[in-house]
Amino acid sequence: MSNLGGGFQGIAPRMIGGGSGKNGSGGMIGSSERALDRFSLVQGWNGAAATGVINGYRRKIGPFRAVNNAGDFLSRQSYTSGGSNQVNNVRGGLSGYKMLGGSIQAHKDNTGIPSSTCNPRFVYDGSDYIQFKKLQAVNRNFNDYTFGGDDFSASQSARRRVHRF
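Read in order, the letters of the sequence shown are residues 188 to 352 in our numbering.
Simulated from the structure, these hints should not be mistaken for laboratory data.
Virtual Cβ for every residue (Gly too), placed ideally from N, Cα, C.
Some hints could be false.
[As the list claims (entries may be wrong)] Derived CB-CB ranges, DEER-like: (1) 223 <-> 351: 42 to 52 angstroms; (2) 223 <-> 304: 18 to 28 angstroms; (3) 243 <-> 267: 49 to 59 angstroms.
[Said to hold, decoys possible] In the DMTMM-like style, the derived pairs of lysine to aspartate or glutamate whose C-alpha atoms are separated by at most 20 angstroms in a straight line are: (4) 320 <-> 224; (5) 321 <-> 224; (6) 321 <-> 220; (7) 320 <-> 220; (8) 247 <-> 296.
Just need the whole structure built from these sequences, with the hints factored in.
Set out below in structure tokens:
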């Protein structure tokens, strides 16, 4: 696991003022939007594909399609690693039934990366891509307890040194 932003894994810092509520304690966004985004990232984001490398293999599709499971990670054509099969073990004693009865034949390639189970020709809506870009930005500083700044005044000192008369 990476240590994005230098914070503790999975621990969100308390937001600083500004939001809704009686005391302005709703956070910077002011609603449950931040919580919903974080929930989407933890529960529904394909984190392994988002990094771009699985089992030492780099992805051959774009990050949007990789995260949304919208295509094969290695862009393999007509590939299956087994998948669900309702025909197996149905009257398995008949010779050739698995081949002629519509059974899916697995062609494993020993990469350890499962095949895609989607329609790779599906065209996504622009709003899906906008939501992806938003979640991608949130994911970059998921554990950032500095809110994009510095722990100390090091960046301010460097700026002052550059702008000294």
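Verification of the hints:
1. 223 <-> 351: 42 to 52 angstroms: holds (45 angstroms)
2. 223 <-> 304: 18 to 28 angstroms: Holds, at about 26 angstroms.
3. 243 <-> 267: 49 to 59 angstroms: violated (22 angstroms)
4. 320 <-> 224: holds (12 angstroms)
5. 321 <-> 224: holds (9 angstroms)
6. 321 <-> 220: holds (12 angstroms)
7. 320 <-> 220: Measuring from Cα to Cα gives roughly 15 angstroms; hence the hint holds.
8. 247 <-> 296: holds (16 angstroms)
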